[in-house]
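K.L.:
Please arrange chains W and F on chain G, whose structure you already have, making use of the hints.
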Amino acid sequence: MTGPDVVFVLLGIVTIGSGVLVVTTRQLVHAALWLVVSFGALAAGYLVLTAEFVAWVQVLIYVGAVVVLLLFGIMLTRAPIGRAADLDSGNRWAALAVAVATGALLVTVVVIGFHGVRMELCDPGSSPCEASAGRAGVLGSSIFRTWVLPFEVLSVLLLAALIGAIVLSRGNGREAVE
Amino acid sequence: MIALASLVILLPFVAAFAGMLFGRRFPASVIACLPMAVAAVLSGVVAIWEWRAPGVREGVLTRIPTGSLDIRLGLSVDGTAAVVGFMVCCVALAVHVYSVSYMSPSVGAPHGPAEPDEPAPGEPPEKGPAPAVPPVPVHGEPGRYSSYAAFISLFTAAMLLVVYAGDLLLLYVGWEVMGVCSYFLIGHHWEDRANSRAAVKAFLVTRLGDVGFLFGIFVLGMGARSFWISDVLGRVWTMPHGTVVAGTLLLLCGVAGKSAQFPLHTWLPDAMAGPTPISALIHAATMVAAGIYVVARLYPAFLRSTPALTVLAVLAAISMVGSALAALAQDDLKRVLAYSTISQLAVMAAGLAVGAWNAALFHLLTHGAFKALLFLAAGCVITAVGSNMLRDMGGLRRSMPVTFWSMTIGFAALAGAPPASGWFSKDSIIEAAQHQAVHGGGATKGAFSYLPLSAATPWTGRIPDLGSGIPGWSAWTVYLALLVTVALTAAYAMRAWLLTFFGPPREVREAPPLMRYTVAVLAVPALVLGFFGLGAHELRPALGSALLSLLLVAAGAGATYWIWQRRPEADPALALGRMRPVLAGAFYVDELYNLTIVRPVLALAAWVVRIDGRIVDGAVVGTGRGARTLGGLLRRSENGNPQAYLTGLLTGLAIVVLAVVIFT
Amino acid sequence: MTLHLVYPVVVAALLFAVGVYGVLARRNAILVLMSVELMLNAVNLNLVAFDISLRDALHGGQVLTLFTIVIAAAEVGLGLAIVLLAYRNRQSIDIDALRTLGEETELGEEAVK
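Protein chains in written order, with my numbering: chain G, 1 to 178; chain W, 179 to 842; chain F, 843 to 955.
Rather than coming from a laboratory, the hints here were simulated on the basis of the structure. Ideal placement from N, C-alpha and C gives every residue a C-beta, glycine not left out. Incorrect hints may have been included.
Not the full set, but computed from the structure, chain F residues with beta-carbon under 7 angstroms of chain G [as the list claims (entries may be wrong)]:
hint, residue
1, 848
2, 862
3, 894
A few chain F residues that face chain G, going by a derived Cβ cut-off under 10 angstroms, partial list only [unchecked claim]:
hint, residue
4, 846
5, 849
6, 863
7, 865
8, 866
9, 877
10, 883
11, 884
12, 895
13, 897
14, 916
15, 917
16, 922
17, 928
18, 935
19, 936
Excised from the complex, chain G in its bound form (with noise of 0.2 angstroms):
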C-alpha cells in the first residue's frame, strides 16, 4: 500500500464510520452532526484525489449548506433533543439485509472489475500539477466551455426548486397545494 493508499483508507473508516453512527443513532441532532464529520472527511478525501475543487465545494455546500439545513428542519419539525428511542421503524431487519446485500454486491463486483487498477497522482507544486486536473482554474474553464449547457439548465433547476419549495412552504391556512 502506498502513502495515499493509506491516508485515503484512514479518511474512508471516518467516512464510512460516521455514516454509520448517522444511520444509527439515537439522537437527531446528533445524526445531524455526525454527517458533518462524515462530509468532512469526504471532503479530504477529495483533497486525497487531487480533486481540490470539488472538495472544497463539498465543504461549502454540504457541510455549509445542507446541514445546516437539516438541522433547522429538526428544530421546525420539533425533533425530540436527546435520546429517543423510536427512530428506527420496524423495517430494520430487512434494512440491514438489503443493506448487506447491497454491499457485498457492490463491493464484490467492483473489487473483481478495478483490482489491479492504478491511477498516477501528481505531486502537488511540481509543476505537470499546474495543469492538474483538479484544479479550479481548470475545471471552471471546462464546466464553461465544454458543460455550459448543462450548467445553465442546472441554473433553471436551481430556479424551479426554489419557487417550488416557496409555494410549498406558503401554507397558512391554504392546505390545497396548488
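P.N.:
For chains W and F alone, kept in the frame of chain G given last:
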C-alpha cells in the same frame, strides 16, 4: 279428388287462423261453422266418389329432402280415409253448431267439478235438490268463444290431416297438433286450476306414448326406406320380420296413449274437466279414434307382426273390462261416458287384434256417432240441471223429451241393443273374435262389398283372410272379455239412463234449441248407421253371436233395472258394496302412477336442484371467494409505508444485478 | 504517487450501502433525507475517483460531481419543504404513521404493517 281432400283439410285450418285473428270483429260462429259445413260437404263428396270408384288416389305436393329419407307432403285417399274423414267432419260440424249455443253467455250455468265421491257403503246418497254449485267462471264471453272455436277448427284440420295423410311423418304432424289442441281445449277454462292440471296430464300421458310412436315411424320408415304409407305397406313382406315387429310395437305405444288404452288411459277421465262439446269431439269421436285409425291404416304391417297384435289384444281385454267395471261406479255422468269410451275403444282394438278390420272400422264410425250424441246430450242435461253429478239428476224424462229420446237411442247404441247401430258393429266384432278363438281365424274379412269400407288396397290387393294369427289364449281372452264387457256395458248404460231420466219428476228447462236439435240430428245416424253395414258379408249380424250378445245385454240391463226398481231413489251401484270405492277409483291406477313415477321424479328433480345450487353454483361462488382471498393476501403488501416499498424495490434490484453479474 | 483505484471505489460502495440502510430503516423523515445525502456522496466519490483515474480530458466526472452537489442541495431544500408541510398537516413526520397510501381492509382500517 286430392284437391278436394286438401280443401277439406285447409278449410278448417284457415278458419282457425281467421277465427283467432278476426274473431272479435266478425261473428266468430260464422267463421267457425261455415267453413266446417263446406268441408263436411266436400268430404261427403269425396266419400261418395270413393264409393262409386273404389281405389287409392294419391297426390304429392312437394318433397322435403332430409338427407336420408325424404318426407313427402302428400295425401293418400282410399275408402277408409274417405269415410272416416266424412265422419270427422260431420261430428265437428255438430260440435261447432252445438258450441255456438253452449258457449254463449245465456247458457252460463257451469257444471260442478268432477271429483270422485266417497260414499259410505250401504248408505243411500241424498237425491234432493242440487247442492250449491261452486263458482266457476262463466264461459261464453265473446273473446273466449272465438279462441275456443278457432282451436276446434285447428284440431279438426289436424285430425283430417291424420286421416288423409299419405306420409307417415305428415301423419305425425297432425297427430301432435291434435295433442296440443287437445291440451288447449281441455284447459279452456284455465282459471280453475283443476282444468289446467287435467290438460297437462292429458298432454303428458299422450306425449309419453308419442315418443314410442315416433320411433315406430322411424323404424318402419327406415325399414321400408321411405315414409310414404303406400311404400311402407307394399314392402311389409320384404322387410325383416324383426323390423316390422319392433316398429309396430313402438307404434302401439302411441296408440295406447292417444286411444287411452291401459296403461296410458289415466288421462281420459280427468280430461272431462274440459267443456262438454270438447269431450264430444276429442274424446269420443276423433282424437281417441286416431289411434285405432292408424292401426287400421297400417294394418298389413300389423298383420305381419303377430306379437304386436297379441299385445294389442291383451291391452284391449284389460282396458275393456277394467273401464267397464269403473264406469259402473262413477258418480259423474261425464266420467261414466269417459270410461265407456275407453271400453269401446278397447272393443275396436280387440276387433283389430282378431283380424276384424272392417268390423273395427265400422264400430269406429258408429261409436263416433253415438258417443258424440251421448256427450252432447249429457251437455244438455248438465246445463239444465247445473251439475255433473248423477245424484243431482233424475226425473228429467218429462221436462226434456227431445234430449230424453235422443239419449235413449244413444244408450241403446252403447249397450248394443238392436236395432241401434252399436248392436251391428259390436256383433261383428264378437263374431270375429269367436271365429278367431274357436277356429283360429278366417272368413271375416272380405274385399268385396258395396261399401267404401273395404276398398281394395294396392299394397297387398286385399287383406288376407287368414285371421290375425294371434295365439289361441289371447283370442280366447279377447272373446271372453268382449262377452263380459257387453254385459257390463249394458249394466252401466242402464244405470246412467235410469238415474238421469227416471225417478221423481223434476222441473227443468229444456236445453236451448240449437243444442237439443243438434243432438236430435245426431240420433239419426246412431240409430240407422247399422243398416248400412248389411251390404258387407262380415258386417251382417250372425245368428249365434247375435243371440249371445242379446242375452248378455238383457242380463246386464235387467240386473241393473231389477236392483233399481227395488229402491228407485237409490243408486244401483250401491249393490257393489265394498267394491264400489275400488271401482270408482278405477283400481287406483292413478295413485299407483303417482307413487311409482311422479314422486320419484319430483324427488330426483329436487335432488338435482340441490346439487346445482350447492355444487355448480358453489363452484362459481367458490371461485369468486378464492379470487377475493388471493387478492386479500396480495393486498397485504400495499401497506402505505414507502420504506417497505423501497425495500422491496432494492431487494429486487439487488437480485437482478446479482443475476446479471453471475450469468454474464 | 499512485493510488489504487480499488480503495476509493470500495469506500464509495460501502458508503452507499450505509445510506441504503438509513433510507430503509429510519423512522424520522429528516433522517431519511440525511441518508439520501450519504448515498449521493458515495456516488460523488465514485465519480471523482474514476475521473482522476481515467484522466478524463473533459473532466466529466468532476463536473458531474459538482452538478450532483448542486442538485442534492436543491433536493434537500425541497424535501425539507415537503416534510415541513407534512408536519404542519399531520403533526408528525414519522414515516410509519404516514400511511394514507395504503390499501384499506374490509373493516375500514388501514392495512396492517
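K.L.:
Regarding the hint that residue 917 of chain F lies at the interface with chain G, is the smallest CB-CB distance below 10 angstroms?
P.N.:
Given a least distance of 7 angstroms, the restraint on residue 917 of chain F holds.
K.L.:
Would the hint on residue 846 of chain F be counted as holding, given a Cβ-Cβ threshold of 10 angstroms to chain G?
P.N.:
holds, 6 angstroms
K.L.:
Checking hints one by one. Is residue 866 of chain F an interface residue toward chain G, by the C-beta closer than 10 angstroms rule?
P.N.:
holds, 3 angstroms
K.L.:
Next item in the hint list is residue 935 of chain F. Is there a CB on chain G closer than 10 angstroms to its CB?
P.N.:
Since chain G brings a Cβ to about 5 angstroms from residue 935 of chain F, closer than 10 angstroms, the hint holds.
K.L.:
Using Cβ atoms only, decide whether residue 863 of chain F comes closer than 10 angstroms to chain G, and label the hint accordingly.
P.N.:
holds, 4 angstroms
K.L.:
Quick one, is the residue 849 of chain F hint okay against chain G at 10 angstroms, beta carbons?
P.N.:
Holds. Min distance 5 angstroms.
K.L.:
Less than 10 angstroms between beta-carbons is the criterion; does residue 865 of chain F satisfy it with respect to chain G?
P.N.:
holds, 8 angstroms
K.L.:
Using 10 angstroms as the Cβ threshold, decide whether residue 916 of chain F counts as touching chain G.
P.N.:
holds, 4 angstroms
K.L.:
For the hint on residue 862 of chain F, does the least C-beta distance to chain G fall short of 7 angstroms?
P.N.:
At 5 angstroms from the nearest chain G Cβ, residue 862 of chain F passes the 7 angstroms test, so the hint holds.
K.L.:
Go through the hint on residue 883 of chain F and say holds or violated, using the shortest Cβ distance to chain G against 10 angstroms.
P.N.:
holds, 6 angstroms
K.L.:
Can residue 928 of chain F be said to touch chain G, with a Cβ gap under 10 angstroms?
P.N.:
Since chain G brings a Cβ to about 9 angstroms from residue 928 of chain F, closer than 10 angstroms, the hint holds.
K.L.:
Would the stated hint for residue 897 of chain F survive a check requiring a Cβ distance to chain G of less than 10 angstroms?
P.N.:
holds, 7 angstroms
Checked against the numbered hints above, the structure breaks none of them.
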